[in-house]
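Taken in order, these protein sequences are the chains called A and B.
Counting with the working numbering, you get residues 1 to 259 for the letters of the first sequence.
Counting with the working numbering, you get residues 260 to 672 for the letters of the second sequence.
Hints are not guaranteed to be accurate.
As the list claims (entries may be wrong) - One-sided excerpt, in silico: chain A residues whose CB lies under 8 Å from chain B:
id, residue
1, G64
2, R94
3, F96
Keep in mind that the hints were calculated from the coordinates and are not lab data.
All C-beta atoms in this analysis are idealised placements derived from N, C-alpha and C, irrespective of residue type, glycine included.
Now for the letters of each chain:
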Amino acid sequence: MTAASDGVILRLDRVTKRFGGLTAVDSVSFDINRGEIFALIGPNGAGKTTLFNTVTGMYKPTSGTITFDGREITGLKPYRVASLGIGRTFQQIRLFSYMSALDNVKVGEHHTMRAKLWDSLFTTPKARREEREVNARAMDLLKFVDIQHQAHNYARNLPYGHQRRLEIARALATNPQLLLLDEPAAGANPQEKRQLMELVEKVRGRGITILLIEHDMKVVMGISERILVLDYGQKIAEGKPQEVRTDPRVIEAYLGKSA
Amino acid sequence: MLAGDTAMRWATGWFKSRNRTIYTLLIVGALLFPSVADVTTGGEGNHLIGTAADAGVFVLLAIGLNVVVGFAGLLDLGYAAFFAIGAYTYGMFASGQLLASPLHHEFHIPFWVLLLVGMFVAASFGIILGAPTLRLRGDYLAIVTLGFGEIVPRMVQYLGAGSPIGNWTGGVNGIAAIDPPKLPFFLTGPWVGAPIELIKNFDFTNQVAYPMDFYLLMLILIALCVVLATNLYNSRIGRAWMAVREDEVAAAASGINTVAIKLTAFAIGASFAGFAGSYYGAKLSLVSSDNFEFIVSVTILIMVVLGGMGNIPGVIVGALMIYLVQFFVLTNLPDWAQAVASTVGLSGLNQSHGDWVGLRDEVQRLNYLIFGLILVVTMVLRPQGLFPSRIREQELEKGTEEQAVFDLREDQS
Chain A
1 MTAASDGVIL
11 RLDRVTKRFG
21 GLTAVDSVSF
31 DINRGEIFAL
41 IGPNGAGKTT
51 LFNTVTGMYK
61 PTSGTITFDG
71 REITGLKPYR
81 VASLGIGRTF
91 QQIRLFSYMS
101 ALDNVKVGEH
111 HTMRAKLWDS
121 LFTTPKARRE
131 EREVNARAMD
141 LLKFVDIQHQ
151 AHNYARNLPY
161 GHQRRLEIAR
171 ALATNPQLLL
181 LDEPAAGANP
191 QEKRQLMELV
201 EKVRGRGITI
211 LLIEHDMKVV
221 MGISERILVL
231 DYGQKIAEGK
241 PQEVRTDPRV
251 IEAYLGKSA
Chain B
260 MLAGDTAMRW
270 ATGWFKSRNR
280 TIYTLLIVGA
290 LLFPSVADVT
300 TGGEGNHLIG
310 TAADAGVFVL
320 LAIGLNVVVG
330 FAGLLDLGYA
340 AFFAIGAYTY
350 GMFASGQLLA
360 SPLHHEFHIP
370 FWVLLLVGMF
380 VAASFGIILG
390 APTLRLRGDY
400 LAIVTLGFGE
410 IVPRMVQYLG
420 AGSPIGNWTG
430 GVNGIAAIDP
440 PKLPFFLTGP
450 WVGAPIELIK
460 NFDFTNQVAY
470 PMDFYLLMLI
480 LIALCVVLAT
490 NLYNSRIGRA
500 WMAVREDEVA
510 AAASGINTVA
520 IKLTAFAIGA
530 SFAGFAGSYY
540 GAKLSLVSSD
550 NFEFIVSVTI
560 LIMVVLGGMG
570 NIPGVIVGAL
580 MIYLVQFFVL
590 TNLPDWAQAV
600 ASTVGLSGLN
610 QSHGDWVGLR
620 DEVQRLNYLI
630 FGLILVVTMV
640 LRPQGLFPSR
650 IREQELEKGT
660 EEQAVFDLRE
670 DQS
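Using the sequences plus the hints, can you model the full thing?
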């Protein structure tokens, strides 16, 4: 395992996930390089989200191994995966509805905070100092995703596009090296889509590797360095956007679906 | 003038927060209550003050259950079990009870020590129960806690005289003649001078004639618990509890060890109950398994839900209200009904005719039906509780321009 040194941040080796008789992810292998934007595309039901859930520990893979930053993470619990440096967002937005946007982001900082039960019970100076720092960092992240004016509103009261951004800010608060974005532009209008993709670029600018799920092929073409296409749980193509776009199997998978 | 102006501005700022207003009223009320009780009853206020000191137990319990149910969103239907554990911890180690046990030795550990011990013992049981079960979600957890709430009183009854491992708990008879608290030696020693000589009167020995010592002790315990619970709520742990309550999957994906954080809520909730239990044992100087039945768990839960889940001042008011209804309104209602009937000229209702046993006794019989009605009406009128939590109220008020016009949750719940 020399993955850490050779620039590979995430390596999937023949990862399979079965639900009863259904094989949602079928022996998928790929590497993601440090610092790139890697897109995972495919028609509905291709197994993209299942693959995400397998990487982040929500599901245990039926077989295969997942290596992150040179360390095997197969079957680790989600909170362990998150604290090792994989952040994620959800296709269906999952914010903490009755918490302010700022608190949503601060939850992401939870695992990096050092205040113990004792500090919390008595609000020791240490806890107070840490709380202030976390507050400032969370505000910075809200600024980064451009919704700082929403800091004190309930997450559920934010407009849709802002909720998407808030999810990204919360994921960034966990201090990830790799960020998994599950259709961040789903349901957004073309202008919002463009802005969200700009944000993805900006996140990468912080040195964070990005694994992006996108249903809409056009959206990812411009932004990703490499694309992997899934269909019925299997990898049918992998490569640069140009190569993938012209791959007959990809065209068939997409056109066959939509026809 | 200027000072008055500043004070005015300070006061308007202070009372803008509903919670601060409630706290202020509660503190003033608590401090004035003994005098008012004494004056209004013509110097016979001791009984009322003693009752208020009992009500405080339920305030503590409601604050503790609120951590579990309100903050972390875990439905605990067996909370009285932890209360029992605290009470029995005190009862066993501050009475002659263990002389009858295989230890053949009685313990009289000071109240102040056992208050902490009871807390830790209850918290340990919280962890023992929580560790295998907190992986369960919602409804399943409720059933498990229900079972636990049933097991603890049965165990306590079983471990009396004649159990295979000896008489530890006094069985169905409970434990009587439990030591009252004693003031710590540094307050009572011969070195105590005139200025705090007064404190020696707070000796917890004759609570019928002098219940103020328990009343004051209760106020101190409540204040302590309110401060600790509020601190937790505003800390990283409180935030994690709320995150787990709102969305467990997202909380885990944000790096929160959901099982551990739920376990913390459970243990802390239990420790509050243990705390309350020790006090309860000392106050009654008698513990019996009857005091920890399922109905007690349900009553505490009602206090939390009716007061306003998640909001500490809300659940305090809820606890006081329910206690007032149960132990004052319901017990006096038969007499009131009789009196009202006589004054409005319906005294015929007060006599019994055939199946009608007279208004007083009829009301007596329907006591809990009336209690149920009060609950139903309150929850219909205020489904969110009397004083619901407006999470981070202060923070949220700042950003009013972006806020939604209405709050859907209030309509849904």
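Outcome of the hint check:
At its closest, the beta carbon of G64(A) sits 21 Å from a beta carbon of chain B; the interface hint therefore is violated under the 8 Å criterion. Annotation: interface hint on R94(A) holds; nearest CB of chain B at approximately 4 Å, less than 8 Å. Taking 8 Å as the C-beta cut-off, the interface hint given for F96(A) holds, the closest approach to chain B being about 4 Å.
Violated hints amount to a single one, hint 1; each of the other numbered hints is respected by the structure.
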